[in-house]
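Take the sequences, apply the hints, and build the full model.
For the record, the sequence lines run as chains A and B. Taking this note's numbering, I'd label the letters of the first sequence as residues 1 to 291. Taking this note's numbering, I'd label the letters of the second sequence as residues 1001 to 1065.
For the record, the hints were derived by calculation from the structure and aren't laboratory data. Some hints could be false.
What the hints assert, rightly or not - The following residues of chain A were derived to be distant from chain B, with all beta-carbon distances above 10 Å: (1) Asp32; (2) Arg34; (3) Gly217; (4) Glu240; (5) Arg244.
As the list claims (entries may be wrong) - Pairwise CB distance ranges (calculated): (6) Pro175(A) with Thr1048(B): 44 to 54 Å; (7) Ile94(A) with His1012(B): 50 to 60 Å; (8) Asp1038(B) with Glu262(A): 51 to 61 Å.
Ideal placement from N, C-alpha and C gives every residue a C-beta, glycine not left out.
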Amino acid sequence: MRIAMTYSRVRREERMLLDAFEQIGVDVTPIDIRSVVFDPERPGQWGGFDAVFDRSLSLTSSLTSVRVLEHFGIRCVNPRSAVEICSDKLETTIALCRANVPTPAVRVATNGQAGLAAVEEIGYPAVLKPTVGSWGRLVARLNDRDSAEAVLEHRELLGSVQQQVIYVQEHIDKPGRDIRVFVVGGEPIAAIMRSSEHWVTNTARGATAVGLDISDGLREISINAAACTGADLVAVDLLECPDRGLLVNELNHSMEFRNSIETTGVNIPEYIARHVAGIAEQACASEEISV
Amino acid sequence: MTSAESQTATIHVDCPECGSDVGFRRPPLNGEIALCPDCTAELEVVCTAPITLELAPEVDEDWGE
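Dropping the structure here:
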């Protein structure tokens, strides 16, 4: 069995993953995706791999590579459809709604005027998010009509075309924290609780994390959220709503975990490496059968 | 990399920002990120033969999980 791991930067996560593969005795070829030229008519070196594990830091690189690689019939981790669902908040919302997984209310509009109506429908405070983005960047809490008008006008005049899509979410009065569950192969393996005095509880924005036991309810909603994306590996972000309980806020297809190993006591990279190796083994076996 | 880890490193390169020693325990890959133990600059390996470090780029629009 042969596995490639594509990357654009080798952060601590990618180094830990390569070490984990080595520790379990699985050979992995790291490939810097920035140096690759794809020919859609010829798989070339890629034809020799049973699975490609995408760890590109850039979403554009991820999507580009998995699109071509799946076209070659190569099993990608995560699959293209899962990357597309998780990387776009509107796609995530649609997938969660379709699967009846509880999630905060959302309104979507395609220009500023309808955007203001969308915010008013949600009510104040409302949370405005770019449909594509991470680490809590460009997320704005709109406390009143004045702030909504100001932010929407800035978006309209200064933002990219993509930012003209107004994705507005109800604000959940969470208890100063949110929850992240790491799901590998459909099974929640670890969870953390992220706390911050700031309303954005993202560790990239300074939130602190502690390990959390996975309750039955947390387990069930995390499994359902992961299942509706078809992802092999996914981090499920949840909010605790005082009225409605757990709500799935976002899904992450290329999870960061450097600060979650000690806090949870779970060797996350080893779980991931074993799962990816299992997928490659299965892909390798099915190729042999078809030959 | 902490200064304790730097002492166990087998490969040593100068930090392009402050000139301090940045260590690697194994040959780094192109694109590998390292922290200078002295000035805490985030550095990227831009060449592996010889190993050359540059300041790592700022966050890009579509980066992240």
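* To do: List in ascending order the numbers of the hints, as given earlier, that are violated by the structure.
  => Per hint list: 1, 2 and 8 violated.
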